[in-house]
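Residue numbers (the numbering used here), protein chains in the order written: chain A, 1 to 428; chain B, 1 to 341.
Careful: at least some of the hints might be erroneous.
Stated by the list, open to error - Derived Cβ-Cβ restraints for the label pairs, each shown as a range:
#1 A:Pro149 / B:Glu192: 54 to 64 Å
#2 B:Glu109 / A:Gly251: 47 to 57 Å
#3 B:Arg29 / A:Glu134: 27 to 37 Å
What the hints assert, rightly or not - Okay, the calculated bits of chain B under chain A, using three or more residues with CB under 8 Å as the criterion:
#4 72-86
#5 219-228
#6 316-325
These aren't lab readings, by the way, just hints derived from the structure by calculation.
We put the beta carbon where it would ideally sit given N, CA and C, even for glycine.
Chain by chain, the residues run as shown.
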Amino acid sequence: MAPFYACNSPEHALSRRQFLAGAVAGLGGLSFAHMVQPAAAEQLRRMQKRVLVIFMAGGLSQLESWDPKPGTNTGGPFLDIATSVPGTHICELLPFTARQMDKIALIRGINTAEDEHGRGAYIMQTGRRPQPAETYPHLGSVAAKLLAPPTSALPGYIHVTPSGSSGFNRQDAAFLGPRFASVTLADGNPPANLLRPPTLTEQADMERNAIRARLNNRFAQGRRSADTEAYTNSYDQAAQIMRQRAIFDIGREPAHIRDSYGSHEFGRHCLLARRLLENGVTFVKVTHSNYDTHHENFDFHIEQLGEFDRTYATLLDDLAQRGMLDSTLVIVMSEFGRTPNINRTMGRDHWSRAWSVALAGCGIRGGAVVGRTNANGTAVTDRQVHGGHLFHTYFRALGLNPNRNHYVDGRPIPMADPTATHIPEVLA
Amino acid sequence: MRIFPASLVPWSGLGRVNPVRTRMIQELRHNSPLLSCRFDPAGRFVFAGAQDNSIQRWELANARKTSLTGHRSWVRGMAFLGTTRKLISGDYSGRVLTWQLDADAPTPEQTIVAHRGWTRMVAVSPNGRLLATCGNDNLVRLWNPADGTPIRTLEGHTCHVYNIAFHPGGQFLVSGDLRGIVKQWDLARGTEIRSFDAAVLFRHDNTFRADIGGVRSMAFNADGSLLACSGITDVSNAFAGIGRPVVVLFDWRTGSRRQLLRPAANFQGTAWGVGFHPSGFIAGVGGGNGGALWFWRPDQPQSFHALNLPNNARDLHPHPDGRRLAIAFFDGAVRIYDMMP
Chain A
1 MAPFYACNSP EHALSRRQFL AGAVAGLGGL SFAHMVQPAA AEQLRRMQKR
51 VLVIFMAGGL SQLESWDPKP GTNTGGPFLD IATSVPGTHI CELLPFTARQ
101 MDKIALIRGI NTAEDEHGRG AYIMQTGRRP QPAETYPHLG SVAAKLLAPP
151 TSALPGYIHV TPSGSSGFNR QDAAFLGPRF ASVTLADGNP PANLLRPPTL
201 TEQADMERNA IRARLNNRFA QGRRSADTEA YTNSYDQAAQ IMRQRAIFDI
251 GREPAHIRDS YGSHEFGRHC LLARRLLENG VTFVKVTHSN YDTHHENFDF
301 HIEQLGEFDR TYATLLDDLA QRGMLDSTLV IVMSEFGRTP NINRTMGRDH
351 WSRAWSVALA GCGIRGGAVV GRTNANGTAV TDRQVHGGHL FHTYFRALGL
401 NPNRNHYVDG RPIPMADPTA THIPEVLA
Chain B
1 MRIFPASLVP WSGLGRVNPV RTRMIQELRH NSPLLSCRFD PAGRFVFAGA
51 QDNSIQRWEL ANARKTSLTG HRSWVRGMAF LGTTRKLISG DYSGRVLTWQ
101 LDADAPTPEQ TIVAHRGWTR MVAVSPNGRL LATCGNDNLV RLWNPADGTP
151 IRTLEGHTCH VYNIAFHPGG QFLVSGDLRG IVKQWDLARG TEIRSFDAAV
201 LFRHDNTFRA DIGGVRSMAF NADGSLLACS GITDVSNAFA GIGRPVVVLF
251 DWRTGSRRQL LRPAANFQGT AWGVGFHPSG FIAGVGGGNG GALWFWRPDQ
301 PQSFHALNLP NNARDLHPHP DGRRLAIAFF DGAVRIYDMM P
């Protein structure tokens, strides 16, 4: 559904400043207008809430990560290990993460009841079950709209993928409009053809852009829509990316920082994510591929989590040392978990009935564990939650009110599934 | 070339076997999937490592079953120290345990913390004086099997070491890793002599960003002139296990690849076990879309006989009588097959 901004309805103006009521209160009752004075700008920047999603594509096994069941018929070959939180054990494949457990909250009682990749990913990225009549925006698009500073010129939602092609993905934003769509950086590279060709002088480029802007303005008079705005905005963002392309160059990081993240793809992408967040991008999703281990689940989890573990632990530590962790919500999610049953080729298949997500950072009570599965991990036995509960929790952690509405052509659409509530045990 | 003690060479009891007549003669069941199987050198028992962390022992004459408990993870590697009637087993927690193999109720006698990460295979030298282990710390380690003291660490692999085998001559050990690099080690000096290229057993699947393959089984023929390494090749989808079983056959003298042995019929999966019969043919088992047992001649790339198995096969071991085979299955059974007409 494409929003029609030219309607000038007051509802669509519902924006970041309205959702940030809590943040304003935290500044001693100053109004938003006062906050954006230059003297308060730095404070606002430091208060800027951000989100980093690490998407374990294909479906991370909860048994080989957050909810191990060693010594059971479903437990697999790995042992569990103690963590920095007394009484909390995770899989031995995560030794570095175990030391950061006091920063991490585990939700072990997830039942999303959806075992298909695309639909599972949709639930985890929108907080809603797929419905034929409505498409909901990604968490990243909501964050881009409600958390990104009005002055931010960089895209609000960036997705770093291991492969594919770079570009804009308007469908992610759904009814929020293409301005809040994600920008994919394939292997961390900015979209191609952003740089001015050598044959085009800077002066000629400026004149060309000025002509384009005049034509855009003329066209927009009376015909302004989300699409025309997004079109214009994409040029502005492209120009910003060109000007700030050094942000994408992790080679500018000190060698010891690059080493600590790891030289592999996932390490480089997480370091890039930190640089993007540090430089004003509101929401970054890093995809780690791949966990769809129908065959040789255990060998593949050794390999994949061998990359994930140290990088994730380093990332949390780095964010904390830079003073960013308190304002950055870090979510480790998949589209679902994996079957407790071990199949005939030593794989695990798709399993959404009892699995886990890890949260850290902004608004999260580190060390919390909520939800429980039975002895061999086949079912949730305590505090079962679904995607709706997760989204309520994310929004609360970010200081947003999940019970407010988006408005599309005057029609209210709840920000989060109104049948669910947040998970208070994991909130600080 | 020295003469080898008959008890240390699989299938050394030569008989007029006919692989084409192979049939199941005994089914021994456990209630957990099995990963590995070995006959003891006297051929009285068959042992199997299970996914419940146990080793199961069956006495072949009466099918009496005994559970050996003490491992903390799955057991894939088992070997025997015939002189002292010890079973030596390695698990995926990295530990190696020793047991009195014919005790009424064997208990662990000795524990060696052999590797960081999985211990993937154990092997005992032909003269019984060396125990070798390999694992996920990219190392091959040599031990005194009598007391578990370390003798030497062989470094050089750059990824998980999946398998090891002593050359029947006793001077050399070979080790094969995830990427299909097979190294020959001089045991006296602890040095790498040469490497064999079994990279056909490895692929990096760029779609899934993952490595797949490895030397899943390894065996020498009786006189040590041939080395067989088995696994999966032609992988088109790592995470669905879409690939073909294969055995890479090397000429020991030249180090060159002599043959790629493949099933004659279409089969998707991994060749989990391989072994030589002293009369010259090679047997292999696989699992994937079912289970199969194949027989090859060293000079022919396609199997001359195959037997569909009732379930996914995960390991193969020859009985010292030269006529029987043990095969470990996903469905929890060890099935004994007879090759005598």
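Do the hints match the structure? See the list:
Between Pro149 of chain A and Glu192 of chain B, the C-beta spacing of about 59 Å keeps the proposed range 54 to 64 Å intact. For Glu109 of chain B and Gly251 of chain A, the hinted distance range of 47 to 57 Å is satisfied, since their beta carbons lie about 55 Å from each other. Against the hinted window of 27 to 37 Å, the Cβ-Cβ separation of Arg29 of chain B and Glu134 of chain A comes to about 53 Å, which falls outside the hint. Under a criterion of three residues with beta carbons nearer than 8 Å to beta carbons of chain A, the stated coverage of the region 72-86 of chain B is upheld, 3 such residues being counted.
Against chain A, the region 219-228 of chain B contributes 0 residues with a C-beta closer than 8 Å to a partner C-beta. That does not satisfy the three-residue criterion, and the hint is violated. Counting residues of the region 316-325 of chain B whose beta-carbon sits less than 8 Å from any beta-carbon of chain A gives 0, not enough to reach three: the coverage restraint is violated.
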